[in-house]
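Chain A is already provided as a structure; the job is to place chain B on it using the hints.
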Amino acid sequence: GAVVSQHPSWVICKSGTSVKIECRSLDFQATTMFWYRQFPKQSLMLMATSNEGSKATYEQGVEKDKFLINHASLTLSTLTVTSAHPEDSSFYICSARGSRGLSTDTQYFGPGTRLTVL
Amino acid sequence: GENVEQHPSTLSVQEGDSAVIKCTYSDSASNYFPWYKQELGKRPQLIIDIRSNVGEKKDQRIAVTLNKTAKHFSLHITETQPEDSAVYFCAASPVAQKLVFGQGTRLTINP
Numbered sequence: 007g008a009v010v011s012q013h014p015s016w017v018i019c020k021s022g023t024s025v026k027i028e029c030r031s032l033d034f035q036a037t038t039m040f041w042y043r044q045f046p047k048q049s050l051m052l053m054a055t056s057n058e059g060s061k062a063t064y065e066q067g068v069e070k071d072k073f074l075i076n077h078a079s080l081t082l083s084t085l086t087v088t089s090a091h092p093e094d095s096s097f098y099i100c101s102a103r104g105s106r107g108l109s110t111d112t113q114y115f116g117p118g119t120r121l122t123v124l
Numbered sequence: 030g031e032n033v034e035q036h037p038s039t040l041s042v043q044e045g046d047s048a049v050i051k052c053t054y055s056d057s058a059s060n061y062f063p064w065y066k067q068e069l070g071k072r073p074q075l076i077i078d079i080r081s082n083v084g085e086k087k088d089q090r091i092a093v094t095l096n097k098t099a100k101h102f103s104l105h106i107t108e109t110q111p112e113d114s115a116v117y118f119c120a121a122s123p124v125a126q127k128l129v130f131g132q133g134t135r136l137t138i139n140p
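In the order they appear, the protein sequences are chains A and B. Okay, so the first sequence: first residue is 7 according to the working numbering, each after it adds one. Okay, so the second sequence: first residue is 30 according to the working numbering, each after it adds one.
If we strip away everything but chain A, and leave its shape as in the complex, we get:
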């Protein structure tokens, strides 16, 4: 149990275009999902916390108009990188917090999406 999927696993796009990444909890309901960014050989940096049915809470320094987050259901959150630039190239990973039947402290991570902006 507690499987989180992400789609796509990798994407290459041109500078100035937008990219949408989906994060799904496959076998549990996730009222809270988190989006992280990880640059090569670095740690995971939290970008935002996404709660189902409400606006996301962004970490300091993360542009909410550039990284649009939508958490429309208990199993799906999306991250849209708008007007992507080469500096946005990174590994984006989502996680979902456990709910009923699972530890509510534990975060289960998706496999990540490698974004390359040309």
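Keep in mind the hints are simulated off the structure, nothing from the lab. Treat the hints with care, as some may be off.
[Stated by the list, open to error] Cβ-Cβ distance ranges computed for the label pairs, FRET-style:
(1) A/Ser11 x B/Asn139: 30 to 40 Å
(2) B/Ser41 x A/Asp111: 44 to 54 Å
(3) B/Gln89 x A/Thr23: 46 to 56 Å
(4) B/Asp56 x A/Glu28: 29 to 39 Å
(5) B/Gln126 x A/Lys72: 37 to 47 Å
[Unchecked claim] Just so you have them, the derived chain A footprint on chain B, three or more residues with Cβ under 8 Å:
(6) 70-76
(7) 127-140
None of the values given here were measured: they were computed from a predicted structure. Every residue gets a Cβ at the ideal spot worked out from N, C-alpha and C, and that includes glycine.
Below, chain B alone, put in the same frame as chain A:
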């Protein structure tokens, strides 16, 4: 806000020896401390966690200790094997279940 420091950044041990990774945190309100293992290009995988009401937890070759007074916690891996080679991250949970991660430790097990 919470700040987590992790040491060492790289660690190389002989197969069969023990490995210890240490983390300190700054926010005394943090009450949940997980450890994740991440292989290259893969997702972080939870290997063990500890809550603030417990001082030590063990799962086979892996153990975690927590010293709330000193605000530090450590990961211990005994009888290391080549498949233990990976990057390990500690994390602390201050508020709203969000996690603040340490910088990571690249562990290499030499055959």
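Taking the hints in turn, this is what the structure says about them:
{"no.": "1", "hint": "A/Ser11 x B/Asn139: 30 to 40 Å", "in the structure": "holds (35 Å)"}
{"no.": "2", "hint": "B/Ser41 x A/Asp111: 44 to 54 Å", "in the structure": "violated (32 Å)"}
{"no.": "3", "hint": "B/Gln89 x A/Thr23: 46 to 56 Å", "in the structure": "holds (47 Å)"}
{"no.": "4", "hint": "B/Asp56 x A/Glu28: 29 to 39 Å", "in the structure": "holds (32 Å)"}
{"no.": "5", "hint": "B/Gln126 x A/Lys72: 37 to 47 Å", "in the structure": "violated (25 Å)"}
{"no.": "6", "hint": "70-76", "in the structure": "holds (count 6)"}
{"no.": "7", "hint": "127-140", "in the structure": "holds (count 7)"}
Hint compliance for this structure: hints 2, 5 are not met, and every other hint is.
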